[in-house]
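Using the sequences and the accompanying hints, generate a full structural model.
Same order as they appear, the protein sequences are chains D and U. Take the first sequence: its letters are residues -11 to 398, numbered as in our numbering. Take the second sequence: its letters are residues -11 to 398, numbered as in our numbering.
Watch out, some of these pointers could steer you wrong.
The list treats identical chains as one, so a pair stands whether inside a single copy or across any two.
As the list claims (entries may be wrong) - Capping the alpha-carbon separation at 25 Å, the derived lysine-lysine pairs in DSS-like fashion look like this:
| id | residue 1 | residue 2 |
| --- | --- | --- |
| 1 | Lys316 | Lys10 |
| 2 | Lys270 | Lys389 |
| 3 | Lys145 | Lys205 |
| 4 | Lys311 | Lys373 |
| 5 | Lys235 | Lys270 |
| 6 | Lys191 | Lys311 |
| 7 | Lys316 | Lys373 |
| 8 | Lys90 | Lys39 |
| 9 | Lys235 | Lys355 |
| 10 | Lys311 | Lys369 |
No lab work stands behind these hints, which were simulated from the structure alone.
Number of protein chains: 2
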Amino acid sequence: MSKFDTYFLMKPAEVAEYVKEKLDIFDNGAALECKEIGDGNINYIFKVWDKNSDKSVIVKQAGPTARISEDFVLSTDRTRIEAEILQMEYDLAPGLVPVVYKYDDVMNTCSMEDLSDHTIMRTALLKHETFPLFADHISTFMVNTLLLTTDVVLEHKQKKAMVKSFINPELCEITEDLVYTEPFNDYNGRNLVFPPNLEWVTKELYNDPDLLLEVGKLKFEFLTNAQALLHGDLHTGSIFITQESTKVIDPEFAFFGPMGYDIGNVIANLIFAWANGDAEIKDLGEREAYCSWVEKTIVEVIDLFNEKFSVAWDQHVTEILAKQPGFKEWYLGTVLRDTAGVTGLELSRRTVGLAQVKDLTTIADEKARLRAERICLTAAKKFIKNRETYQTGSDFLQTLKDAVTAFPRD
Amino acid sequence: MSKFDTYFLMKPAEVAEYVKEKLDIFDNGAALECKEIGDGNINYIFKVWDKNSDKSVIVKQAGPTARISEDFVLSTDRTRIEAEILQMEYDLAPGLVPVVYKYDDVMNTCSMEDLSDHTIMRTALLKHETFPLFADHISTFMVNTLLLTTDVVLEHKQKKAMVKSFINPELCEITEDLVYTEPFNDYNGRNLVFPPNLEWVTKELYNDPDLLLEVGKLKFEFLTNAQALLHGDLHTGSIFITQESTKVIDPEFAFFGPMGYDIGNVIANLIFAWANGDAEIKDLGEREAYCSWVEKTIVEVIDLFNEKFSVAWDQHVTEILAKQPGFKEWYLGTVLRDTAGVTGLELSRRTVGLAQVKDLTTIADEKARLRAERICLTAAKKFIKNRETYQTGSDFLQTLKDAVTAFPRD
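Written out as structure tokens, the structure is:
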């Protein structure tokens, strides 16, 4: 019998005790300390470390309600989904996600590798740091976790069992509302439009029927296309990074959806990083260096994805009809189309929707922020409406460049 | 305690006893008789009736293996799927499916309305009977069961729960192999090509790379597009019919897939009925009358579907982005595209694949059968390759007519 045989929400001292009893990580003589380190909205995150060695572990525990408010009752199934997905992603893309030591369905915890030596990528990008290996790492992560979980590769009955296991109604609903609906009609009155941009946003987003029609098509793609096991929230806040290492975290939005959703999120959040650098870096040389790196990274993420996708397809394809000449090219074309569409959705929703990005909101100068937002939204519309035309990294970059040209710096 | 608290495979006398104990259909003084009436491959089907009244019931029991061979171990979950789907379809399209009296998850039985006064539609069509209300009935069935189970209408979390509940890997695999793969490459060596047609089929189906590419695209649509709750096997052998009544049965292939799959199956099997009438009816006037009725029915099934779909959409749409002007028309266009594609797949697989239709195989004259098969396969290829172009019933009929023109009667 153990006190951890029945669920309760742990305090730090109890987490240390829990780790000692349940995990095989620390020596018998370890002097464990524990601190709650997370300030997220949903889960409780603890770091446990041994003062006598360099060993440490992260314990994430799900409460029956959200951390920020007891009003939000959430299914604790999200911890199972997160732990299983991390383990699966680790198998598919070793080294690009944290190691999971243990998932405990009684205590609703996931114990995993401590990444305290890494930084959240968005935080680092806001300091205009660059990460030369990021495009290589993230393109490998995406090709491996996405292509290898499609019907191109998986035995179809096995894939259907996985689809069933990862149906994720509550978290998909958040995406359906915040990404695929509200930014374009402020349906729930929750949008946060930067005040001087309100008239422009109303005209360009809310009153463009052609845009709404295309967003609707993309929404149904998200609702119905069980293509690949997505991360589901692959922005720069879900990535831990150093100069040498990239680790994707927080897959609680995972489900089987269109793979362009993940890729588009990466591209859009790189564009936000570009917009921040362009607005906030005063030194011309520094600005040029940082923005060029972001541009190069946008191009490389797409081009490396295309390249590795093609190689991995040839290596792993099992579905006989997917081996038909021309099929791979057609399939990749649909992925890039969806990627462009989602790039536009993410650019829109993080600019005017409920969950905004610091890349834009921290731009101090009002005029500069106005310009940055308009660049992002102008590119967004083009990505959504012209999504059939994107094939290469430079196609994606060109849309950013065209939008920048439309809003010259004062 | 009852002997029916533990599963066993029943004999007819036990089925009568079971019905008396478990169902509230018969009076206390009923004199029940029971006979096994099914000769299907998979399940055991019994009819129980009261000699003292006109009451009767059908009891379908699933064994742990297929009825025809103990080698095929099948999940008994198919009985739950069938019973739940029939009940759901009855709610959506009252009167167009049999009433389910009871689903019993211990005995793996589904007890339902006895339709002995109806005939299997394929059997009746082989006698060249006509059914003036069929197009009206089946178009209502399809609009109600399909459109009302999409994300256009259903709350998205509820729909996801349904998708999860009806994931159907074993039976989908049968379709993926027999409909979407083997007809076009004889991959498993199971095709049954009418010998004088072998060379022609090899050239026209197996050696047409453009066709295989399009079939591959359709296969991935079937594998990934969780659009609506399909019947999944909606051919004329799954329909009980009289002059006044149409009842759709046998939904064990049900799952969430592209709705064109059901509609295309109906159209293709009407084309087979046409081909049989055209080849087998010797009297010119009778032939003309029967084939004209089939042609009119093909046109009406599509046109009534379109019409009722549009009305039902306006009545039931809940998804806000689906209300955007132009969205309904775009969505229906994708449904008709898929319908044309599946019409072509079903025409192909029932002509050359493992599970053939009597409409073709019973054509006695070899030349006439050869011609009928070539008409069906020529139309099939056009339906698949040109599937983007179909909008109205007459578009569908024209493809049959063009194929007929290409193979003049001697």
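Outcome of the hint check:
Taking the closest pair of Cα atoms, Lys316 and Lys10 never come within 25 Å of each other, the shortest separation being 46 Å inside a single copy and 55 Å across copies. When the C-alpha separation of Lys270 and Lys389 is checked against a cutoff of 25 Å, the pair qualifies only within one copy, where the shortest distance is 20 Å, while the shortest distance between copies is 72 Å. For the homomeric pair Lys145 and Lys205, the shortest alpha-carbon distance between copies (19 Å) is at most 25 Å, but the shortest distance inside one copy (28 Å) is not. In this assembly of identical chains, the alpha carbons of Lys311 and Lys373 lie at most 25 Å apart only when taken from different copies (19 Å versus 31 Å within one copy).
In this homomeric assembly, Lys235 and Lys270 never come within 25 Å of each other (Cα to Cα): the closest approach is 31 Å inside a single copy and 74 Å across copies. In this homomeric assembly, Lys191 and Lys311 come within 25 Å of each other (Cα to Cα) only across copies, at 20 Å, whereas the closest approach inside a single copy is 46 Å. For the identical chains of this complex, Lys316 and Lys373 are neighbours both inside a copy (24 Å) and across copies (18 Å), given an alpha-carbon limit of 25 Å. Within a single copy, Lys90 and Lys39 get their C-alpha atoms as close as 22 Å, which meets the 25 Å cut-off; across copies the closest is 65 Å, which misses it.
In this homomeric assembly, Lys235 and Lys355 never come within 25 Å of each other (Cα to Cα): the closest approach is 35 Å inside a single copy and 67 Å across copies. Within a single copy, Lys311 and Lys369 get their C-alpha atoms only as close as 35 Å, which misses the 25 Å cut-off; across copies the closest is 20 Å, which meets it.
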